[in-house]
Amino acid sequence: MDKFEKLTGVVAGIDRPNIDTDAIIPKQYLKSIKRSGFGPTLFDDWRYLEPGEPGGDHAKRRINPDFVLNQKPYDQAKILITRENFGCGSSREHAVWALMDFGLKVVIAPSFADIFHNNSFKTGLLPISLTADQVEQLFLELNQHVDSSSGYSLTIDLAAQAVITPAGVRMSFDINEFRKHCLLEGLDDIGLTMQHAEQIKAFESQYYSKAPWLL
Amino acid sequence: MMSAQTLYDKIWAMHEVRPDIEGSGLIYIDRHLVHEVTSPQAFEGLQLAGRDLWRKESIVAVPDHNTPTIGLEFGITDPVARLQVETLDKNCDTHQLIEFKIGDERRGIVHVIGPEQGATLPGMTVVCGDSHTSTHGAFAALAFGIGTSEVEHVMATQCLIQGKSKNMRITVDGAVADGITAKDIVLRIIGEIGTAGGNGYTIEFAGDAITSLSMEGRMTVCNMTIEGGARAGLIGCDQTTIDYVKGRPFSPTGENWNKAVEYWQDLHSDDGAVFDREIHIDGASIEPQVTWGTSPEMVVAVSQLVPDPASETDLVKSGGMQKALEYMGLKANMAFKDVMLDKVFIGSCTNSRIEDMRAAAAVAKGRQVADTIMVAMVVPGSGLVKKQAEAEGLDKIFIDAGFEWREPGCSMCLAMNADRLDPGERCASTSNRNFEGRQGQGGRTHLVSPAMAAAAAVTGHFIDVRKLT
Ligand code: SF4
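Here the protein sequences come in this chain order: A and B.
Here the first sequence is numbered in our numbering, starting from 297 and rising by one per residue.
Here the second sequence is numbered in our numbering, starting from 137 and rising by one per residue.
Since the hints were made in silico from the structure, they are not lab data.
Any given hint could turn out to be false.
To be verified - Derived Cβ-Cβ restraints for the label pairs, each shown as a range: (1) A:T461 - B:A471: 45 to 51 Å; (2) A:P462 - B:S454: 40 to 46 Å; (3) B:D418 - A:D371: 47 to 53 Å; (4) B:E241 - A:E494: 38 to 44 Å; (5) A:E349 - B:G383: 27 to 33 Å; (6) B:A140 - A:D311: 40 to 46 Å; (7) A:F435 - B:H231: 18 to 24 Å; (8) A:D453 - B:L441: 38 to 44 Å; (9) A:K356 - B:F210: 28 to 34 Å; (10) A:R312 - B:F210: 38 to 44 Å; (11) B:S439 - A:D470: 41 to 47 Å; (12) B:M476 - A:E349: 41 to 47 Å; (13) A:D470 - B:V452: 37 to 43 Å; (14) B:K300 - A:Q433: 31 to 37 Å.
Cβ atoms here follow ideal geometry from the backbone N, Cα and C, with glycine treated the same way.
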């Protein structure tokens with residue numbers, strides 16, 4: 297996993313609550329046995345005017361010009377803002393892979409579904425929860441920039457746990473220390489857990505002596 | 137004396153390998169269920185890192201999401217889906233894992249076969265790369281869905297790094313009326329708490345209406361916990377649980393059985409245990425439910441009208457309702473009897489067990505699927521459910537009534553195979569998600585119980601199944 301560096305990037309907004317993982321990456325693409333290549337089919341049903349199939353040439357499909365990620369400069373967005381309960385629904389990590397593969401590094405919302413939130417950290421996507429009022433404020437500012445060719449940008453400083461607006465307003469956010477550390481250092485969870493292998497074995501021997509039917 | 141603990145706290149404590157990894161615990165996983173869609177990248181990750189599996193016996197694998205429900209004798213014709221199933225077979229063979237392959241009568245939807253085989257036992261931690269793993273909480277097991285990176289993590293270490301969630305208890309007091317099923321109970325609960333209501337919680341279901349359910353019904357309730365935003369749902373262990381588990385292929389026997397049963401007796405929340413949030417619902421007030429929108433929380437009793445966004449004061453909410461009505465092709469204040477259906481789907485890990493088959497067959501018996509219904513499909517949850525249903529003659533009832541009787545799998549629950557809705561088609565479905573496009577792009581899903589789905593099939597529209605004459 298890459299280290300999560302401080303970044304400044306274009307913000308795209310999708311003003312909807314409860315965006316589910318079926319919307320983020322429709323099921324037909326889950327047939328892939330790979331981790332990459334999901335970017336062109338991110339939000340597929342909203343992004344294209346005709347259905348797509350896995351393995352197809354998505355560049356040839358008719359795009360929906362009204363969908364934000366099809367418009368400049370949002371096609372280069374690094375940050376997505378949206379409403380509450382983002383990522384609800386299935387456990388598919390493909391949703392995170394698709395967001396990352398598109399180029400997004402941060403999603404800002406008032407709240408996230410638990411599994412999606414968990415999955416994000418495993419791949420290096422940063423989910424930031426701000427208050428509903430702060431998100432509303434960001435949407436207002438974003439909407440004031442709709443006519444600007446360079447769009448609206450935010451700076452994300454994970455080390456300082458802050459979202460910084462172009463006017464210099466800092467919105468701080470909470471994050472679990474361990475997850476923050478893993479993101480900043482680009483650490484692999486499995487490697488970290490393996491360091492406790494002896495402890496896992498010790499746990500197993502006492503556990504199975506108490507619950508022998510599980511052996 | 138130890139202070140009173142919730143069931144969740146007890147199971148957590150039993151599985152905690154390291155109490156505190158900077159705000160999270162390292163917990164031990166007893167059972168790992170694996171299917172074809174969320175595992176290939178995990179196996180590949182292990183291979184790339186040169187890691188082996190920690191405890192192969194903990195894994196039970198099955199292809200279910202992508203598998204066809206007809207013509208299986210000809211194999212999987214979709215080459216992309218076939219590759220995924222073959223990849224699972226190959227991975228399981230390489231690592232010598234237990235897998236119920238295509239052709240094995242024990243094959244079926246992962247959340248149906250786990251309990252059916254006794255691979256899910258009380259007090260276990262159960263994970264699977266699938267959000268409906270919450271189903272197994274019906275057995276007083278801590279069961280939740282994980283992403284592919286976590287699938288790989290469990291394969292390599294038998295553990296997961298997890299933040300501990302808060303405790304919520306939902307008590308459904310008193311008895312439900314005749315004809316009210318587990319599905320109606322859980323849909324009503326989701327309507328009450330909302331799809332994000334359980335975020336950050338493990339939910340324990342309690343109360344007479346819950347404990348009087350069969351294991352099948354309890355699984356239906358826990359299955360949809362994730363639709364209320366909680367990763368895990370739990371129901372305390374009692375005699376119903378133990379009777380169900382007894383004698384199944386993976387269940388303990390002999391002396392181990394006695395030890396296990398003794399241990400399982402404690403798998404309930406202690407009197408006086410404190411929950412962070414408590415919700416009470418009056419069982420007697422629950423009517424047959426039907427969803428009208430594109431989120432499971434958009435649900436009402438079938439006797440009510442399709443809700444009107446104009447009556448919602450919260451602007452974000454009313455906008456969401458408006459969008460949902462447009463997608464669903466419905467008008468505010470319509471009666472459900474005027475909502476005409478194109479297809480009916482009875483199946484999925486929510487409602488494809490033998491009881492669900494019986495409930496739907498009881499309604500279908502002696503009746504005919506309405507002419508306006510293009511397809512009414514019954515997809516049993518496993519080969520063994522199918523066999524049992526056929527032994528009881530249910531297949532014949534369905535076929536005589538004009539239903540299709542299919543091979544087990546996820547089928548039209550998520551429409552990864554050929555079973556799907558076409559744009560604009562409307563379906564009464566016993567599955568768990570009515571998201572946009574869930575059952576096929578542009579498809580319109582209404583979630584209901586098996587009895588309600590069968591009633592919809594024979595009338596062509598929604599109707600309170602208790603009024604069917
Ligand atoms: S039946 Fe539906 S919800 Fe259940 S595991 Fe299969 S796809 Fe998922």
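Evaluated hints:
A beta carbon spacing of about 49 Å between A:T461 and B:A471 agrees with the range 45 to 51 Å that was offered as a hint. In this structure the hint that A:P462 and B:S454 lie 40 to 46 Å apart at CB is violated, the actual value being about 32 Å. The beta-carbon spacing between B:D418 and A:D371, approximately 52 Å, falls within the hinted interval of 47 to 53 Å. Separation of B:E241 from A:E494 is about 42 Å and conforms to the stated range, judged on CB atoms against 38 to 44 Å.
Our hint of 27 to 33 Å for A:E349 and B:G383 is violated, since their Cβ atoms are close to 45 Å apart. Distance hint check: the CB atoms of B:A140 and A:D311 are about 45 Å apart, consistent with the given range 40 to 46 Å. In this structure the supplied range 18 to 24 Å is violated for A:F435 paired with B:H231, their Cβ-Cβ distance being about 48 Å. With their beta carbons about 50 Å apart, A:D453 and B:L441 fall outside the hinted range of 38 to 44 Å.
Here the CB-CB span from A:K356 to B:F210 is close to 31 Å, well matched to the stated 28 to 34 Å. Taking 38 to 44 Å as the suggested C-beta distance range, the pair A:R312 and B:F210 conforms, at roughly 42 Å. In this structure, B:S439 and A:D470 meet the distance hint of 41 to 47 Å, their C-beta atoms being roughly 44 Å apart. A beta carbon spacing of about 30 Å between B:M476 and A:E349 contradicts the range 41 to 47 Å that was offered as a hint.
Distance hint check for A:D470 and B:V452: the Cβ-Cβ separation is about 23 Å, which falls outside the suggested range of 37 to 43 Å. The hint said 31 to 37 Å for the Cβ distance between B:K300 and A:Q433, and at roughly 32 Å that hint holds.
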